[in-house]
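My request is simple: use the sequences and hints to build the entire structure.
Protein sequence lines, in the order shown, are assigned to chains L and D. Each residue of the first sequence is one higher than the last, beginning at 1 in the numbering used here. Each residue of the second sequence is one higher than the last, beginning at 1 in the numbering used here.
Simulated from the structure, these hints should not be mistaken for laboratory data. Treat the numbers as computed from the prediction; the structure is a model and nothing was measured. C-beta: ideal position from N, C-alpha, C; glycine also. There's no promise every hint is true.
[Said to hold, decoys possible] In silico lysine-lysine, DSSO-like type, Cα no more than 27 Å apart, as pairs:
id : chain 1 : residue 1 : chain 2 : residue 2
1  : D       : LYS83     : L       : LYS151
2  : D       : LYS7      : D       : LYS23
3  : D       : LYS148    : D       : LYS10
4  : D       : LYS23     : L       : LYS238
5  : D       : LYS83     : D       : LYS23
6  : L       : LYS238    : L       : LYS60
[What the hints assert, rightly or not] Now the stretches of chain L that chain D is said to cover, found in silico as 3 or more residues with beta-carbon under 8 Å:
id : region
7  : 106–112
8  : 253–267
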Amino acid sequence: MDLYEHQARELFEEYGILVPRAEVADSAELARASAERLGGRVVVKAQVKTGGRGKAGGVKFARDPAAAELTARQILGMDIKGHPVRTVMLAQPVDIDSEFYVSYVLDRSQGRFLAIASAEGGMDIEEVAATRPEAVLRTPIDPFDGVPRAKAAEIAAAAGLPDAAADTLTALWNVLIREDALLVEVNPLVRTTQGQILALDGKVTLDDNARFRQTRWGAQGAVHDQERDELEAAAAAKGLNYVKLDGEVGVIGNGAGLVMSTLDVVADCGARPANFLDIGGGASAQIMADGLSVILSDPSVTAVFVNVFGGITACDAVADGIVRALESVRLTKPLVVRLDGNNAARGRAILDERGHPLVEQATTMDGAARRAAELAHAA
Amino acid sequence: MAIYLTKESKVLVQGMTGSEGMKHTRRMLAAGTDVVGGVNPRKAGRSVDFDDRAVPVFGSVRAGMDATGADVTVVFVPPAFSKAAVMEAADAGIGLAVVITEGIPVHDSVAFHAYARRHGTRVIGPNCPGLISPGQSNAGIIPADITKPGRVGLVSKSGTLTYQLMYELRDTGFSTCVGIGGDPVVGTTHIDCLAAFEADPDTELIVLIGEIGGDAEERAAAFIKDSVTKPVVAYIAGFTAPEGRTMGHAGAIVSGTSGTAQAKKAALEAVGVQVGNTPTEAAQLVLTTLAAVGPPLTPRTRRE
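Below, the structure written as structure tokens:
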């Protein structure tokens, strides 16, 4: 889960990283009151979980509370790359002497975290890394040593950052470890004309797998879920692993790899997949039924392809789930089912016995995909 | 022969007394795996009956190894306890730890991988189906009855795609199939398996299954170019995956232009790997390539 900028800012502050004073508002009137409390001059920043806010007009300077109100009114309700702006953050402006970049990212190939630091912050760091790689320092961090002050000082010196930035590097590492983050980034980290080191903007991505021990963002997690498509929210409430796409063939399968592959095979047959839905390993009839009802409630779906290779999952349980779903949902769209592997014969027999006119079985994944594409187009 | 796992392997199961552990220990035994013990500090000294075999429970991996000579452990413990379980196994000096558990926090994986490397323990996983050397041994949750021993080696990020390919090539058979897992950080990589299959005289062709996210397949391509002489057939999943969305596996995400299926396919094809557009097509490529290689080798005629 990505945090909003104001949430990341809150964490930074808690871990001793200096940040500008700021408040969050979800209406123009509240924005005006915040600006008054912050001293009048403010930067108004759209709170959306995507980059490029500035270019999209989501970050603006306001010289007094009246201007802050007007600006907030313009920014609230904007759509930035498909993300509706529901809140703005108002922050005190600072006088910048110089800008830097610091982050910790996961190095998948080496299975450890890297500190990334550059004396060229503020701009697009990917651009700097691509055009002048020598300006970006990448330092592997030993998970058992972490980033004590001495290590942080080494990194700061090597990257051309002021020594005071080392405190930020150590604090930021603590954020990463204690909050179970996959990414923490400060861009820009600035030195003000008064010599203070301040985090002006930041990004934090938390590890969803660590939610069992990181509970503080529970409520905000719910906010995050609201940003989803309605169907995605409904599927998430049922514990289903579902991603909405914009095609017409609904897809259900077991195992992330097989479902991804099923989407590709459907696309290969000239149709577009409407979703990713993985019922997981060892799925019960109930999960299958839930999954099917979510997909059938998507109005853009004109045909459904159920692709199951039973490893741990038993195909007879999958077939039972389909039959159960047929009892509770009136099937109006054709369903192509391919069952192979564990208990496949029994699963196929259960579907044959039910004999629903809109349910067809296919013997191969490729054949089933072709048939589903055909039916989707005929609809 | 096979890689990492043979009929000589003696297997411990951490978490054997849990419901998943029980179910899959029974399956492993049925597949011929020499499961020599379970590990549960609270149930040490007892044993669990599986059909015709009583499997003892030990209080620690160390105790299990001392009593049985175990050299492999399969980890079924829940995410919150997996880090401690793998570190305990590494401390005991076991050669191979196969971590099936899904949903382990990345910081825990990073820590136990670093720890295991220091102790010389190979980790497969986490979030993987394990590995099978058909006819010899099965460590994990891969169904054992969908294929047979043969001359193809398989390495895959995905469990179900492993099963799919095993099934499609059921008449050809496999030396070893390794599911390395779909998490962003895994212990054993495509490259590790490619190197092991290259060195394994019983493997004549290698199937590599990849998916979106990271650059493991691109790095595998570079390794194949320099160090693999056996034919490689690949399949990559996730061409239709949108940017920025996690497709089931924690590691399966396209970020900007990196991690796309297209880039992975192109990198593999650039080094002469045949890439199938569907699992079935990949299986067909395996069959035609094997036909060109010739009939299966017997030990007497083995090409060195």
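To see whether the hints hold, each was checked on the structure:
{"no.": "1", "hint": "LYS83/D with LYS151/L", "in the structure": "26 Å, holds"}
{"no.": "2", "hint": "LYS7/D with LYS23/D", "in the structure": "21 Å, holds"}
{"no.": "3", "hint": "LYS148/D with LYS10/D", "in the structure": "21 Å, holds"}
{"no.": "4", "hint": "LYS23/D with LYS238/L", "in the structure": "25 Å, holds"}
{"no.": "5", "hint": "LYS83/D with LYS23/D", "in the structure": "22 Å, holds"}
{"no.": "6", "hint": "LYS238/L with LYS60/L", "in the structure": "40 Å, violated"}
{"no.": "7", "hint": "106–112", "in the structure": "holds (count 5)"}
{"no.": "8", "hint": "253–267", "in the structure": "holds (count 14)"}
The structure shown violates just one earlier hint, number 6.
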